[in-house]
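Visitor: Could you build the full structure based on these sequences and the hints that come with them?
Chains A and B supply the protein sequences, listed in that same order. Okay, so the first sequence: first residue is 5 according to the numbering used here, each after it adds one. Okay, so the second sequence: first residue is 7 according to the numbering used here, each after it adds one.
Don't read these hints as lab results, they were simulated from the structure. Just so we're clear, the structure is a prediction, and the values are computed from it rather than from any experiment. One or more of the hints may lead you astray.
[As the list claims (entries may be wrong)] Distance windows between CB atoms, simulated: (1) B:S15 / A:T18: 23 to 33 Å; (2) A:L87 / B:E70: 37 to 47 Å; (3) B:S20 / A:S55: 41 to 51 Å; (4) B:L24 / A:T84: 40 to 50 Å; (5) A:N75 / B:S20: 47 to 57 Å; (6) B:L24 / A:Q58: 35 to 45 Å; (7) B:L24 / A:R13: 31 to 41 Å; (8) B:M117 / A:L119: 21 to 31 Å; (9) A:P65 / B:P85: 41 to 51 Å; (10) B:S86 / A:N75: 20 to 30 Å; (11) A:T11 / B:S105: 41 to 51 Å; (12) B:S76 / A:T11: 44 to 54 Å; (13) A:I16 / B:M117: 19 to 29 Å.
[As the list claims (entries may be wrong)] Okay, derived cross-link-like pairs now, DSS-like style, lysine-lysine, Cα gap no bigger than 27 Å in a straight line: (14) B:K64 / A:K17; (15) B:K114 / A:K107; (16) B:K114 / A:K17; (17) B:K75 / B:K64; (18) A:K61 / B:K114; (19) B:K64 / B:K114; (20) B:K75 / A:K107; (21) A:K107 / B:K74.
No residue lacks a Cβ here, since even glycine has one placed at the ideal position from N, Cα and C.
Take a look at the letters that make up each chain.
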Amino acid sequence: KAGVTQTPRYLIKTRGQQVTLSCSPISGHRSVSWYQQTPGQGLQFLFEYFSETQRNKGNFPGRFSGRQFSNSRSEMNVSTLELGDSALYLCASSPVGRVTDEKLFFGSGTQLSVL
Amino acid sequence: AQSVTQLGSHVSVSEGALVLLRCNYSSSVPPYLFWYVQYPNQGLQLLLKYTSAATLVKGINGFEAEFKKSETSFHLTKPSAHMSDAAEYFCAVSDTSVSGYSTLTFGKGTMLLVSP
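Guide: See the structure below:
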């Protein structure tokens, strides 16, 4: 079974641009969560999607958005990039998003650098 | 909201020595607690989780963690470190939002360095 696939692996953007990151979950998984990882803050929850609906949202500005398609693939978008958005963005999938009962499977992440 | 504190951003041990990574949590309800490991250039992998069935939880790769309610701790241990254990370790607690769905709240991580 293929794991969680995130593309691209690396991205370099300049301030003010926007960026779209992609995540393909494990086949059959309907829940996709996104996390931002930085050296100073660790992992911070961005949002979770289940069956094309955003079910949970972390404490990030509206510049961060996402969506999920009918095949469970998910994208996240960051508009008007700031230097502080430089981070590793991780996505995780699970069957239905019950974190207390299910195992989260993480992708290798997209490393975003904002210059 | 629940929170997790990991003491020590870096821990160094010699190969064969005891590994002890500390995690304290803050939770208003009985918590579900997790330890994840991240190897370089990879995503996170679940090491073990506590779900109230037993206070001593055994995980993969010889790691275990003990839930101590009185100390609000969930420290991760391994009797004998191996070079391959060098990685970043994250403690996490389940957190239920106003929407009623749970997410994971992670600590800031502890980098384990293993020297020969």
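Visitor: Could you run down the list of hints and mark each one as holding or not?
Guide: Against the structure, the hints come out as follows:
For the hinted restraint 23 to 33 Å between S15 (chain B) and T18 (chain A), the CB-CB distance of approximately 30 Å keeps it satisfied. A hinted range of 37 to 47 Å holds for the C-beta pair L87 (chain A) and E70 (chain B), which are about 41 Å apart. The hinted window of 41 to 51 Å between S20 (chain B) and S55 (chain A) holds, with their beta carbons roughly 49 Å apart. A beta carbon spacing of about 48 Å between L24 (chain B) and T84 (chain A) agrees with the range 40 to 50 Å that was offered as a hint.
For N75 (chain A) and S20 (chain B), the Cβ-Cβ distance of about 48 Å falls inside the hinted range of 47 to 57 Å, so the restraint holds. Range check, L24 (chain B) to Q58 (chain A): Cβ separation about 44 Å, and the 35 to 45 Å hint holds. Evaluation of the 31 to 41 Å hint for L24 (chain B) and R13 (chain A) yields a pass: the beta carbon distance comes to about 36 Å. Judged by the Cβ atoms, the range 21 to 31 Å given for M117 (chain B) and L119 (chain A) holds: they are separated by roughly 26 Å.
One distance hint, 41 to 51 Å for the beta-carbon pair P65 (chain A) and P85 (chain B), holds here, with the actual separation near 45 Å. S86 (chain B) and N75 (chain A) have their C-beta atoms about 45 Å apart, which leaves the hinted 20 to 30 Å range violated. The hint said 41 to 51 Å for the Cβ distance between T11 (chain A) and S105 (chain B), and at roughly 29 Å that hint is violated. In this structure, S76 (chain B) and T11 (chain A) meet the distance hint of 44 to 54 Å, their C-beta atoms being roughly 46 Å apart.
For I16 (chain A) paired with M117 (chain B), a C-beta distance near 25 Å keeps the hint of 19 to 29 Å intact. This hinted pair does not check out: K64 (chain B) and K17 (chain A) have alpha carbons roughly 43 Å apart, beyond 27 Å. Restraint check: the Cα-Cα separation between K114 (chain B) and K107 (chain A) comes to about 20 Å, which is no more than 27 Å; the hinted pair holds. For the given pair, K114 (chain B) sits about 26 Å from K17 (chain A) by alpha-carbon distance, which is consistent with the 27 Å threshold.
In summary, the hint linking K75 (chain B) to K64 (chain B) is supported, as the alpha carbons are separated by about 18 Å, within the 27 Å threshold. A threshold of 27 Å between alpha carbons decides the hint, and for K61 (chain A) with K114 (chain B) the separation of about 19 Å falls inside it, so the pair holds. Distance restraint check for K64 (chain B) and K114 (chain B): the Cα-Cα separation of roughly 22 Å lies within the 27 Å cut-off, and the hinted pair is therefore satisfied. For the proposed pair K75 (chain B) and K107 (chain A), the alpha carbon gap of about 23 Å is at most 27 Å, so the pair holds.
Taking the CA atoms of K107 (chain A) and K74 (chain B), the gap is about 23 Å. The hint holds against a cut of 27 Å.
When held up to the earlier numbered hints, the structure conflicts with 10, 11 and 14 and fits the remainder.
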